[in-house]
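Protein sequence lines, in the order shown, are assigned to chains A and B.
So for the first sequence, the working numbering puts the first residue at 3; every next one is plus one.
So for the second sequence, the working numbering puts the first residue at 34; every next one is plus one.
No wet-lab data here; the hints were simulated from the structure.
Built from N, CA and C at the ideal position, the CB exists for glycine as well.
Misleading hints may appear alongside valid ones.
Simulated restraints, written as ranges between beta carbons of each label pair [claimed, not checked]:
#1 A:157 to B:139: 43 to 49 Å
#2 A:157 to B:49: 16 to 22 Å
#3 B:199 to A:530: 34 to 40 Å
#4 B:199 to A:150: 55 to 61 Å
#5 B:139 to A:419: 57 to 63 Å
#6 B:149 to A:701: 18 to 24 Å
#7 B:199 to A:949: 44 to 50 Å
#8 A:813 to B:149: 34 to 40 Å
#9 B:149 to A:809: 55 to 61 Å
#10 B:199 to A:111: 54 to 60 Å
What follows is each chain in one-letter form.
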Amino acid sequence: MTSRIAKKRGEWINRDKPLTFEYEGQTVQGYEGDTITSALWAAGINVLGRSFKYHRARGVLSFANHDVNAMMTDGVDTNIRADVWPVADGMDIKAVNTIGGVLKDKNKYIDYLSPFLPVGFYYKTFYKPKSLFPFWEDKIRKAAGLGEVNFNYPRIVKPKKFAHCDVLIIGAGLSGLSAAIKAAEQGLDVIVVDENKQAGGSLTYDYAGDQTTADTLTSLLDSVESNPNIRLITDAYAGGFYGDKLVPLVGKEGITKVWAKAVIVAAGAFEQPPVYRYNDLPGVMMGSAAQRLIHRYAVKPFDKGVVVTANDYGYRTALDLASIGVEVVAVIDMRRNGAPRQLAQKVRDKGIPVHISSCIYEVIPTSNKLGVKAVVMSPYDDISAGADSGHTVRLACDGVAMSAGWAPAAALLYQAGTKMRYDYSVEQFVPDELPEGVFAAGKVNGIFDFKARQLDGQRAAAEAAAFLGKTVDVVTVPKVEMASPSHPYPIVEHPKGKNFVDFDEDIQVKDFINAAKEGFDNIELMKRFTTVGMGPSQGKHSNMNAIRILARIRELPVEKIGTTTARPFFHPTPIGHLGGRGFHPHRYTAMHEWHVDNGGVMMEAGVWMRPAYYQYAGRSMSAMEAVQQEALAVRQQAGMIDGSTLGKIEVYGADATEFLERFYTGKFSKQKIGESRIALLLDEAGVMLDDGLAVRVEAEKFYVSTNSSNAATVYREMQRNVQLWGLQVTLVNLTGAIAAMTLAGPKSREILTSLTQADLSDAALPDGNMTQAKLAGVDAKIMRVSFVADLAFEIHVPYKAGLHVWKQIMAAGQSHGIRPFGTDAQRLLRLEMGHHLISHDTDGLTNPFEAHSEALVKMDKPFFIGQRSLKIIAKKTLNKKLVNFVLEKDFTGEMPNECNLVIEDGNIKGRVTSIAYSKYLNRVIGFAFVAPEQGSPGSTFSIRTDSGAMVKATVVKAPFFHLLDNNGE
Amino acid sequence: MQNDIFKSPVAFAQAPLKPINGFVNGMETAIAIADKAIEASRHELLSICDVSALNRFGVKGPNAAEWLAAASLTLPEAKNSWTLQGKRELVLRLGGSEYLIEEPLNSQLVAQLNALPVNKAGVHKVIRNDASFIVSGKLATKLFSEVCAIDLSGDALEENRLVMTVIAGVSVTLLRQMLNGQSVYRIWCDGTYGPYLWKTLLGITEEYGGGAIGFSFYYENN
Numbered sequence: 003m004t005s006r007i008a009k010k011r012g013e014w015i016n017r018d019k020p021l022t023f024e025y026e027g028q029t030v031q032g033y034e035g036d037t038i039t040s041a042l043w044a045a046g047i048n049v050l051g052r053s054f055k056y057h058r059a060r061g062v063l064s065f066a067n068h069d070v071n072a073m074m075t076d077g078v079d080t081n082i083r084a085d086v087w088p089v090a091d092g093m094d095i096k097a098v099n100t101i102g103g104v105l106k107d108k109n110k111y112i113d114y115l116s117p118f119l120p121v122g123f124y125y126k127t128f129y130k131p132k133s134l135f136p137f138w139e140d141k142i143r144k145a146a147g148l149g150e151v152n153f154n155y156p157r158i159v160k161p162k163k164f165a166h167c168d169v170l171i172i173g174a175g176l177s178g179l180s181a182a183i184k185a186a187e188q189g190l191d192v193i194v195v196d197e198n199k200q201a202g203g204s205l206t207y208d209y210a211g212d213q214t215t216a217d218t219l220t221s222l223l224d225s226v227e228s229n230p231n232i233r234l235i236t237d238a239y240a241g242g243f244y245g246d247k248l249v250p251l252v253g254k255e256g257i258t259k260v261w262a263k264a265v266i267v268a269a270g271a272f273e274q275p276p277v278y279r280y281n282d283l284p285g286v287m288m289g290s291a292a293q294r295l296i297h298r299y300a301v302k303p304f305d306k307g308v309v310v311t312a313n314d315y316g317y318r319t320a321l322d323l324a325s326i327g328v329e330v331v332a333v334i335d336m337r338r339n340g341a342p343r344q345l346a347q348k349v350r351d352k353g354i355p356v357h358i359s360s361c362i363y364e365v366i367p368t369s370n371k372l373g374v375k376a377v378v379m380s381p382y383d384d385i386s387a388g389a390d391s392g393h394t395v396r397l398a399c400d401g402v403a404m405s406a407g408w409a410p411a412a413a414l415l416y417q418a419g420t421k422m423r424y425d426y427s428v429e430q431f432v433p434d435e436l437p438e439g440v441f442a443a444g445k446v447n448g449i450f451d452f453k454a455r456q457l458d459g460q461r462a463a464a465e466a467a468a469f470l471g472k473t474v475d476v477v478t479v480p481k482v483e484m485a486s487p488s489h490p491y492p493i494v495e496h497p498k499g500k501n502f503v504d505f506d507e508d509i510q511v512k513d514f515i516n517a518a519k520e521g522f523d524n525i526e527l528m529k530r531f532t533t534v535g536m537g538p539s540q541g542k543h544s545n546m547n548a549i550r551i552l553a554r555i556r557e558l559p560v561e562k563i564g565t566t567t568a569r570p571f572f573h574p575t576p577i578g579h580l581g582g583r584g585f586h587p588h589r590y591t592a593m594h595e596w597h598v599d600n601g602g603v604m605m606e607a608g609v610w611m612r613p614a615y616y617q618y619a620g621r622s623m624s625a626m627e628a629v630q631q632e633a634l635a636v637r638q639q640a641g642m643i644d645g646s647t648l649g650k651i652e653v654y655g656a657d658a659t660e661f662l663e664r665f666y667t668g669k670f671s672k673q674k675i676g677e678s679r680i681a682l683l684l685d686e687a688g689v690m691l692d693d694g695l696a697v698r699v700e701a702e703k704f705y706v707s708t709n710s711s712n713a714a715t716v717y718r719e720m721q722r723n724v725q726l727w728g729l730q731v732t733l734v735n736l737t738g739a740i741a742a743m744t745l746a747g748p749k750s751r752e753i754l755t756s757l758t759q760a761d762l763s764d765a766a767l768p769d770g771n772m773t774q775a776k777l778a779g780v781d782a783k784i785m786r787v788s789f790v791a792d793l794a795f796e797i798h799v800p801y802k803a804g805l806h807v808w809k810q811i812m813a814a815g816q817s818h819g820i821r822p823f824g825t826d827a828q829r830l831l832r833l834e835m836g837h838h839l840i841s842h843d844t845d846g847l848t849n850p851f852e853a854h855s856e857a858l859v860k861m862d863k864p865f866f867i868g869q870r871s872l873k874i875i876a877k878k879t880l881n882k883k884l885v886n887f888v889l890e891k892d893f894t895g896e897m898p899n900e901c902n903l904v905i906e907d908g909n910i911k912g913r914v915t916s917i918a919y920s921k922y923l924n925r926v927i928g929f930a931f932v933a934p935e936q937g938s939p940g941s942t943f944s945i946r947t948d949s950g951a952m953v954k955a956t957v958v959k960a961p962f963f964h965l966l967d968n969n970g971e
Numbered sequence: 034m035q036n037d038i039f040k041s042p043v044a045f046a047q048a049p050l051k052p053i054n055g056f057v058n059g060m061e062t063a064i065a066i067a068d069k070a071i072e073a074s075r076h077e078l079l080s081i082c083d084v085s086a087l088n089r090f091g092v093k094g095p096n097a098a099e100w101l102a103a104a105s106l107t108l109p110e111a112k113n114s115w116t117l118q119g120k121r122e123l124v125l126r127l128g129g130s131e132y133l134i135e136e137p138l139n140s141q142l143v144a145q146l147n148a149l150p151v152n153k154a155g156v157h158k159v160i161r162n163d164a165s166f167i168v169s170g171k172l173a174t175k176l177f178s179e180v181c182a183i184d185l186s187g188d189a190l191e192e193n194r195l196v197m198t199v200i201a202g203v204s205v206t207l208l209r210q211m212l213n214g215q216s217v218y219r220i221w222c223d224g225t226y227g228p229y230l231w232k233t234l235l236g237i238t239e240e241y242g243g244g245a246i247g248f249s250f251y252y253e254n255n
């Protein structure tokens with residue numbers, strides 16, 4: 003059986019390109035341009051899915067990208083929306099959320115249990131006994147969700163693009179297209195976007211049996227196409243509204259971020275269902291869904307149906323149904339006055355009975371509950387919302403089209419900051435105060451009359467053009483008297499329920515009443531308790547009815563209930579789209595290729611790529627062994643690490659010294675040229691942020707280093723303070739321009755001396771000093787810095803020469819047993835030296851007094867950042883103290899980890915910040931925060947390991963090398 | 034100058050392309066990446082070329098403009114703009130008081146500036162390590178629409194303006210100039226980001242059917 007009808011003018015299918023696909027094991031024929039739903043419906047397949055909670059059979063509802071009970075999987079993608087997803091030849095799809103297929107879903111029994119599963123039941127049921135919660139949680143998690151995540155989903159790059167325009171128009175219906183043409187006429191660059199495959203909005207389906215309005219569409223599209231100022235984008239939705247009028251357009255191939263100077267929202271409105279028992283059966287659908295099936299896809303929605311309506315649109319639907327030969331049994335109008343005489347007569351002229359002040363009391367399902375057998379009509383009082391169940395009439399039919407009103411597609415207006423008001427003349431929320439540069443037109447603006455919508459689009463465009471500085475005549479939209487397009491309360495209560503408000507989550511009228519009774523009578527609370535609007539359609543067909551029900555329960559006007567918050571994205575958006583290409587900038591040192599070629603195991607250190615350690619080709623060595631060997635090389639011969647990642651900043655100018663004195667805690671005014679000082683940076687609260695070295699290069703020029711991860715932050719903070727203090731200082735961030743390496747170990751001087759004429763002796767270059775000389779033919783700064791070893795040289799050269807110098811040193815050190823070492827060994831080496839790392843051994847609350855850095859803080863200076871706070875802190879007792887500790891000799895127990903807690907009498911006293919086994923010392927050493935009274939050398943404290951074991955640690959002095967001299971004590 | 038000391042910051046990122054390398058201003062760089070006809074077609078459609086090896090000179094400070102003017106340079110008047118000198122040396126004004134000078138081959142300007150003493154307060158020579166690329170082709174704006182939030186098809190780069198913006202997450206300086214009679218985009222970024230930016234831009238360029246071209250496509254290296 004096929005429901006495909008004769009070719010319709012403007013249909014979206016290509017009958018020249020038939021195709022076949024599999025649905026639940028059944029071969030189905032469709033055409034290019036069909037959606038999954040239209041092809042299935044044309045093939046007489048009406049069960050398109052199962053509902054989320056009760057596993058009820060569902061068919062078409064909106065046919066407008068929020069039929070969330072008709073979601074499919076093709077084995078790769080899941081939750082494919084059948085109502086909008088195009089069919090493809092050979093596609094093999096199944097409905098999600100079923101066991102055993104959509105017709106024989108084994109979970110359909112849940113529907114029979116529904117009286118025992120009201121909303122919120124699991125909140126109240128499964129929280130005790132507590133011991134059973136994991137069991138229930140597992141069951142609920144398995145039952146919840148739609149579709150299965152495909153963990154083998156291929157990485158398909160969805161590039162993000164940027165686009166710019168003067169005016170972005172969201173919605174290419176009558177208002178949007180009219181706005182686009184008007185704006186483009188003013189010379190403005192216009193982008194119009196529509197989520198449908200083709201532009202036109204309701205001009206492509208809402209014909210009331212007469213397609214003359216399609217002429218308007220043809221004319222509009224001709225104008226758009228011929229205007230070079232207009233870019234029309236279809237099959238993409240505006241996902242959200244962000245600052246500076248940034249609107250991401252989400253298409254199949256990715257996101258385009260549009261920056262517009264003005265935005266016109268002409269997004270239309272979502273049709274809303276009346277609520278009555280069994281309004282969810284396959285065959286019951288929105289009037290506009292039926293119209294779309296007919297006119298876009300040439301599919302007959304049903305053979306014999308009724309139209310239930312609470313506005314004039316149901317009459318238009320009835321005329322469209324009749325025009326293709328559907329036997330319309332009745333138009334059931336919930337309103338007491340019905341439609342205007344002319345429209346009602348037009349329907350009656352087709353032989354369709356019209357029943358005003360009537361409703362569908364319930365739909366009678368077929369015996370298998372997979373379709374419609376009849377409807378039960380009853381008198382209805384639309385003021386009291388009362389159905390007279392004592393006087394019912396049964397009308398046999400196989401489908402229902404329903405129209406109760408519209409909810410504005412105003413999500414982006416809300417996100418833009420629009421203040422909305424409830425307009426009783428149209429029974430919907432409309433914009434009251436729009437943000438600057440944002441305009442609304444058409445149905446979303448409460449304008450429903452055909453001519454008025456066209457004018458409203460032009461009006462919005464004229465206002466946008468004026469906003470952008472164009473001189474343009476004002477367009478006035480005359481007020482059109484017409485019946486409200488929406489019904490204030492299209493709800494029919496039924497003692498047996500199953501009158502669904504939210505089709506995503508199977509929420510019935512009684513669920514709202516119960517929620518209100520339990521105190522969840524605020525729209526936000528009700529949303530969370532009932533989950534209304536929290537399903538994949540995000541309340542597009544349910545929020546408005548929920549608000550109306552709550553207003554009725556609380557006896558408040560609708561505007562007092564308000565709406566829930568609209569957040570991006572407007573539709574669920576694939577993570578891959580959000581990720582885009584996944585730009586992930588990395589910085590590479592000049593020596594990177596050498597590290598890679600020589601077994602460097604590269605890791606991300608912030609934005610930098612650094613070798614953690616070196617794994618030589620042909621050798622099998624654990625990371626731990628490699629690190630220990632690298633560290634031993636430094637202690638016994640020589641090792642070299644790539645330190646290019648250090649922040650390097652030149653500070654120069656007449657006020658350079660004054661600047662450093664204010665910026666850092668130390669003193670620099672008497673520092674000699676060639677000397678370095680530790681540069682400790684605090685924040686205003688006295689918290690340690692960074693430490694580096696400040697070398698005086700010239701009288702008014704310093705070369706300052708920072709921690710690798712802090713270079714940008716420190717430089718930015720320097721720039722800010724230079725301006726703030728008004729000092730004559732120029733800053734240059736040389737982090738990327740200079741390559742640096744540290745050669746350390748007893749042989750380091752000898753190695754280096756072979757490559758330079760400079761005198762590197764202790765006398766000529768004592769610890770903490772710097773000299774500038776040629777090294778391997780390159781201008782270099784050579785500094786004595788004892789961070790990882792007592793004898794170590796930091797070598798700074800231009801980046802472009804970094805690799806050359808590195809190679810020369812490695813070659814020169816070959817005979818001395820030189821080894822490269824990575825960041826892991828560096829951490830161990832500095833630990834052995836007793837040097838803490840800021841941000842690793844300290845946290846966002848640590849001040850210098852707690853981290854034995856008092857000597858670096860010159861409180862007698864007139865000012866430095868954080869000094870005021872330190873003065874206050876100094877008067878208080880310390881909360882914690884960073885200490886060096888060792889575990890017992892030959893410790894063989896469970897190794898504590900960083901962040902393991904220091905516990906005393908069951909109380910937390912601190913935590914381990916660094917810990918490592920040192921092969922050189924043959925001892926486990928570390929840093930920990932402890933209580934101040936535990937901080938003196940010789941004190942012991944207990945560390946609780948991951949398994950809960952307690953490990954004894956002893957506080958010792960730094961550096962740890964005395965352990966070698968004193969028999970490990 | 035010893036020829037094996039300096040390397041282009043993007044050299045290792047270019048290695049998979051197996052370029053013909055040569056030395057430009059003492060820096061090892063990719064001279065040619067494909068044969069001339071292929072490079073020409075890439076140039077027409079969409080191409081990227083590493084010109085990090087060009088000599089550059091940086092200077093900064095409140096008196097930098099005065100110092101450069103004394104060295105007979107014509108400076109851009111507006112902030113964030115650029116101008117050309119007699120031998121087509123580029124002078125970029127980066128913000129208010131910082132300048133970047135880049136010379137083509139056969140110019141001595143950078144050497145002359147390096148040799149000039151700075152005996153004046155408020156002038157500071159800046160060591161540069163730029164990765165520098167030329168992007169050309171009719172699809173260039175498509176490439177930029179994927180990596181840059183600024184509308185480069187508009188007037189952002191008109192009238193010798195330059196923009197300091199972010200491309201694929203990296204801070205860059207960007208301008209459009211006529212080079213060898215054709216409009217091209219110039220990009221400078223911190224050299225440590227060079228390999229990443231090169232790989233990222235080249236990846237997208239190749240998706241559009243374009244590719245990399247060598248230094249000698251623009252500059253005859255002797």
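Distance restraint hint 44 to 50 Å, applied to the beta-carbon atoms of residue 199 of chain B and residue 949 of chain A: holds (47 Å)
Pairwise beta carbon distance, residue 139 of chain B to residue 419 of chain A, judged against the given window 57 to 63 Å: holds (58 Å)
34 to 40 Å as the expected CB spacing between residue 530 of chain A and residue 199 of chain B, which holds or is violated: holds (39 Å)
Distance restraint evaluation - residue 149 of chain B, residue 701 of chain A, Cβ atoms, bounds 18 to 24 Å: Holds, since residue 149 of chain B and residue 701 of chain A (Cβ atoms, about 20 Å apart) stay within the stated range.
Consistency of beta-carbon spacing, residue 139 of chain B to residue 157 of chain A, with hint 43 to 49 Å: holds (47 Å)
55 to 61 Å as the expected CB spacing between residue 150 of chain A and residue 199 of chain B, which holds or is violated: violated (38 Å)
Range agreement (Cβ of residue 111 of chain A with Cβ of residue 199 of chain B, hint 54 to 60 Å): Because 56 Å falls inside the window, the suggested range holds.
Distance restraint hint 16 to 22 Å, applied to the beta-carbon atoms of residue 157 of chain A and residue 49 of chain B: Given range 16 to 22 Å: holds, Cβ gap about 20 Å.
Hint check for residue 149 of chain B and residue 813 of chain A - Cβ pair distance inside 34 to 40 Å: holds (36 Å)
Cβ distance range 55 to 61 Å for residue 149 of chain B and residue 809 of chain A, holds or violated: violated (33 Å)
Violated hints for the displayed structure, listed by number in ascending order: 4 and 9.
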